[in-house]
Amino acid sequence: MDKRFFFEKYGLNDKDVERYLAAALSAGGDYADLYFEYVTSTALSVDESMVKSASQGISAGCGVRVVAGERTGYAYTDDLAPERILHAAKTAAMIASGPAKTPVVNLKTNLRHDLYPVVVASVDAEIRQKLDLVMRADRAARAFDPRVKEVRASYADELKRVLVIGSDGTYAEDSQPLTRMSVFVIAKSGETSAKGTSGGGGRHALDAFLLEKTPEHFAREAARQSIIQLDARECPAGDMEVVLGPGWPGILLHEAIGHGLEADFNRKKTSAFAGLLGKRVASDKCTVVDNGTVPGRRGSLNVDDEGNPTSNTVLIEKGILKGYLADKLSARLMGLPNTGNGRRESYEHIPMPRMTNTYMLAGEDLPEDILRSVKRGLYAVNFGGGQVDITNGKFVFAASEAYLIEDGKITAPLKNATLIGNGPDVLTRVSMVGNDLQLDEGVGTCGKDGQSVPVGVGIPTLKVDRMTVGGTGTAE
Amino acid sequence: MATTTLTQIDLKELAADVVRRAMRMGATAAECVVGEGSEFSTAVRLGEVETLKESGSKALGVRVFLGQHTANTSTSDLSTEGIDQMVRSAIELAKVTSEDPFAGIPEASQLGQIPGDLDLYYDDVYSLSTADRIDYARRAEKAAMSADPRIQNSEGGSFDAATGRKVLANSHGFVGEYQRSYCSVSAVPIAIDEQGKMQHDYWYSMSRTLKKLESPEEVGRIAAERTLRRLGARKVKTQRVPIIFDQQTSRSLLDHIFDAVNGDAIYRHASYLTGKLGEKIAGGNITVIDDGTIPGGFGTSPFDSEGVPTRRTVVIEDGVLKSYMLNTYTAKKLGLATTGNASRGLAGTPGIGNGNFFLQPGTRTPTEMIADIKEGLYVTEFLGFGVNLVTGDFSRGASGLWIHNGELTFPVEEITVAGNLKDMWLNVAEIGNDLEWRGAVACPTIRIEGMTVAGE
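Going down the list, the protein sequences come from chains A and B. Residues 1 to 476, numbered by the working numbering, are exactly what the first sequence covers, in order. Residues 1001 to 1456, numbered by the working numbering, are exactly what the second sequence covers, in order.
Hints are all accurate, no fakes.
For lysine-lysine, the following DSSO-like pairs were computed, each having C-alpha atoms within a straight-line distance of at most 27 Å:
#1 B/1058 - A/9
#2 A/188 - B/1332
#3 B/1332 - B/1280
#4 A/268 - B/1142
#5 B/1280 - A/188
Where chain A lies over chain B, by a calculated footprint (3+ residues, C-beta under 8 Å):
#6 1053-1060
#7 1067-1077
#8 1198-1212
#9 1224-1238
#10 1415-1423
Because the hints were derived from the structure by calculation, they are not lab data. Beta carbons: idealized from backbone N, C-alpha and C, even for Gly.
Pulled out of the complex, with its shape left as it was, chain A reads as follows (with noise of 0.2 Å):
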């Protein structure tokens, strides 16, 4: 649909690009590409039932970057003049101090997946259906509970057209439709008031908020956890059993084990993880993926940033350390495969190993049959958000949604806490693992050096035999 997007609109030709990469590699360096990038965006949202704020750009811009050894030299421009991205590439190309590289410039499509065969883009679509969206949000969530007094719903979508040409014969085009929703919605009751948050998305058309995942599947879930955190009591403080829901609770996985294994932090040797290739890290009844192939999902990619193919790599095989995400800095210094984890945000940024969608392989416990081993835990099934120290392992994910579990039953709802652990070892007390594995709903954004990218997690019914939980009563 978008061959030869850029080449088109910017009047690019294949001896510009020679041209770019040339100047480029003009004091030496191992590699240079050209990242190009043009995305048109969209957002809505309803606030007290009225469509408040709608906003819709354009950006563009090429980001130009030189590697030699382990240095980086890095220029963009947001003006696709052919003066200005040869400057962008003579900046760059002072990070190499020899003699002059020629590259080699293949202007043939690399393989790459097809995971978000997208008919029309949700950006095209018409901006009445958009808005139809968030009203319709906007009605389930005040007919959900009468204590419900306040909803946001919010739309955005875009779509970003890349092209990524490196000196090495790289060379990748793709279009990545991104569409999301989201619901905040506040219940009170008496003096008591209480939030719920919900949403969703992927790379997919608008259909799927028709046929699939609605707005009012959005609007309710949104009041109901709102409704139920008005009841909620002190939660307690300390080591206990935690029991994870499915889904967006795999955040667990992301913080704990996954930026850890991310292959710049382990060739700099600065995480926890360095040297534990081969070890374990985990029960043996965990095996833990990083999959940027799932069809549809935000945090999939028929091409990584820097033009390779997406993978499913297995970072956890039965408990074992198997793989780092990489990069093709990472991968050529540390001669891994390269997993086609080189993500950025924007031309603005230099590539780096970033997660796509991490989630744990289904195990063969019943859910039921795990909260009925807990004498007395936590059991959590939404979180906000989490952070992770990578160099001494720590991390920690904030429950907005928790019970206590008391003699194997789910009783009373509890405020929100953060659990903290040590990503090393976290996985080596996870004792019982459902068959219910789920993915998120696609909400999930990573931050990493200043850098945000969607994201995906998941995973089934889990048991951790020991966490520490931040609440505010007493552990008994």
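Given chain A's structure and the hints, the job is docking chain B onto it.
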């Protein structure tokens, strides 16, 4: 200060022209913002250059009104066609938004800018040669690496510089422009103990001028000190003890106050401080001020993102909530006047941003405050974002040092600290004298009673 260049005149003309185009196409009011910036960054790791980055960008955004309907668009395509398309899309989009009686730009009488030199721009941040910039980063890392033999690895040293220009024009005829500069130096060393356990920490200095940037050696030395004191960290038992939050973590607690007085959260009932104006929401020792006019400040500008002059606002006085932080829209919704805190990038509707936001300092040093405590926790880092502004519930990962008999003893990690913001700010037992600006929000060391530490 910089002299007026051709580019400056062009950008002001451009913004005013976009507003005129929008009005010609049928807008009843319009506002255009242009952002132009350049950045330079370098990272050095283990003495070798790791990255060099240098670039510039320019883009604009427009907000249009058709009566009480509004929409906004942005583009980085500054060609005549690109701008035309942006304005046309904004007008089309505004036709489908709801009629909102409170929508609008400020009144003409509210517009303006504070006069005089605000000390925000120094071209010296760009005066260094590439080699000298690299040297700054290298010196910071080297100072950290050579501080102690246990520092054996590094995430690097860095030197960054940036300049930015912002131009705003609206259909009341307001045209304003300002320029700001920034530079920073940082180091992130890694220390390893006898068991092979690693810890890292960081330190940095930032300034609007190279002249006031702390020396890379000083930054590296402090980074090393902060890293070394974490070695051998352990968990502690779950308990309630007095907690002292250092400048870095107290600033984060003050950020939560800013988020809770943000007019958007207030009118949406999304803050535990909604409806609390005039009430006691903190201890009598708490006075919080937002001041967008402090010369050289990281939160200073001559006017906000709607063209309203910035000002000094007392947010909390002796524990009583005196003012929310507002832009034009949230002020109208709440029947109040804007506090000149409109904030926006190029895309999207204006939100609320702080000026220089700070807690008034007390009289004693952090060391004296620590000396009062028999058993307690000194928190130096938060992990995660477990804060619910609707309820005030607070639970975040933490690390720091244990206080025993008035002294800092062993390092602590893998714990959480929890409470509720309502109680926490009522229970600030003492405020230190160490107010220091390392960004647009600053808070001295504070001691809070009654929070739960969760660990073993």
